[in-house]
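Asker: Here are the chains, one letter per residue:
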Amino acid sequence: DTEVTQTPKHLVMGMTNKKSLKCEQHMGHRAMYWYKQKAKKPPELMFVYSYEKLSINESVPSRFSPECPNSSLLNLHLHALQPEDSALYLCASSQGTGGNQPQHFGDGTRLSIL
Amino acid sequence: RKEVEQDPGPFNVPEGATVAFNCTYSNSASQSFFWYRQDCRKEPKLLMSVYSSGNEDGRFTAQLNRASQYISLLIRDSKLSDSATYLCVVNMGSAGGTSYGKLTFGQGTILTVHP
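For the protein sequence lines, the chains are R and D, in the order given.
Counting from 1, one number per residue, gives the positions in the first sequence under my numbering.
Counting from 115, one number per residue, gives the positions in the second sequence under my numbering.
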């Protein structure tokens, strides 16, 4: 069982919809991440939050908007997505961002854009 | 050159076999190294961190060669449940750098263990 919880597990939305993906961890980790993973490809980093502040944005289009309300929660707000945005979205957390800090992944939200 | 490069695979081995995966990374300043496994349509799960002195966890042994920028994973006595994609993962960040905390994933190597 993963200690990083993501909801929803599956999401189908139209290109004009607004939806949010949610991620929660209660391990006391201070760094949280969003990744996008297409089929048969490795995860690609989107955003890194460290101590609730955005520290890395990997040039992600503005139709993806991250939010970190507190140290346990991470949201990804979606608006006006494109069909090519269909993918598995993974949240991860780690104790910090430095040194030998492995990241622990949630089981993802499988997103389909119609 | 890719930042993290793995054996292309796929590997198809019988139960009980020993199998080795190799990985090279391009950034000599890389800080930390991991092997993750990912089952089909599941999330990546940490298999083990890789330390400079090499480390072992049961049937799994990881090695790091910083001079050659090379990481390996050895699986002994393969089980059917070892079938998965194995991801070589490198943290290339350095203290104060903008890429601190960024993991870079290899393309993954698919392992199938058959009866």
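There could be a bad hint or two in this list.
[What the hints assert, rightly or not] Short derived list, chain R residues pointing at chain D, Cβ under 8 Å: (1) L45; (2) V48; (3) A87; (4) P102; (5) Q103; (6) G106; (7) G108; (8) S112; (9) I113; (10) L114.
[Stated by the list, open to error] So these bits of chain R aren't anywhere near chain D, every CB distance computed over 12 Å: (11) L11; (12) M13; (13) N17; (14) K19; (15) K22; (16) A39; (17) K41; (18) P42; (19) E44; (20) I56; (21) F64; (22) S65; (23) S72; (24) A80; (25) L88.
Calculated directly from the structure, the hints in this document are not laboratory data.
Every residue gets a Cβ at the ideal spot worked out from N, C-alpha and C, and that includes glycine.
Asker: Which of the stated hints cannot be reconciled with the structure, identified by number in ascending sequence?
Answerer: Violated hints (numbers, rising): 3, 8, 9, 10, 16, 17, 18, 19, 20, 25; every other hint is consistent with the structure.
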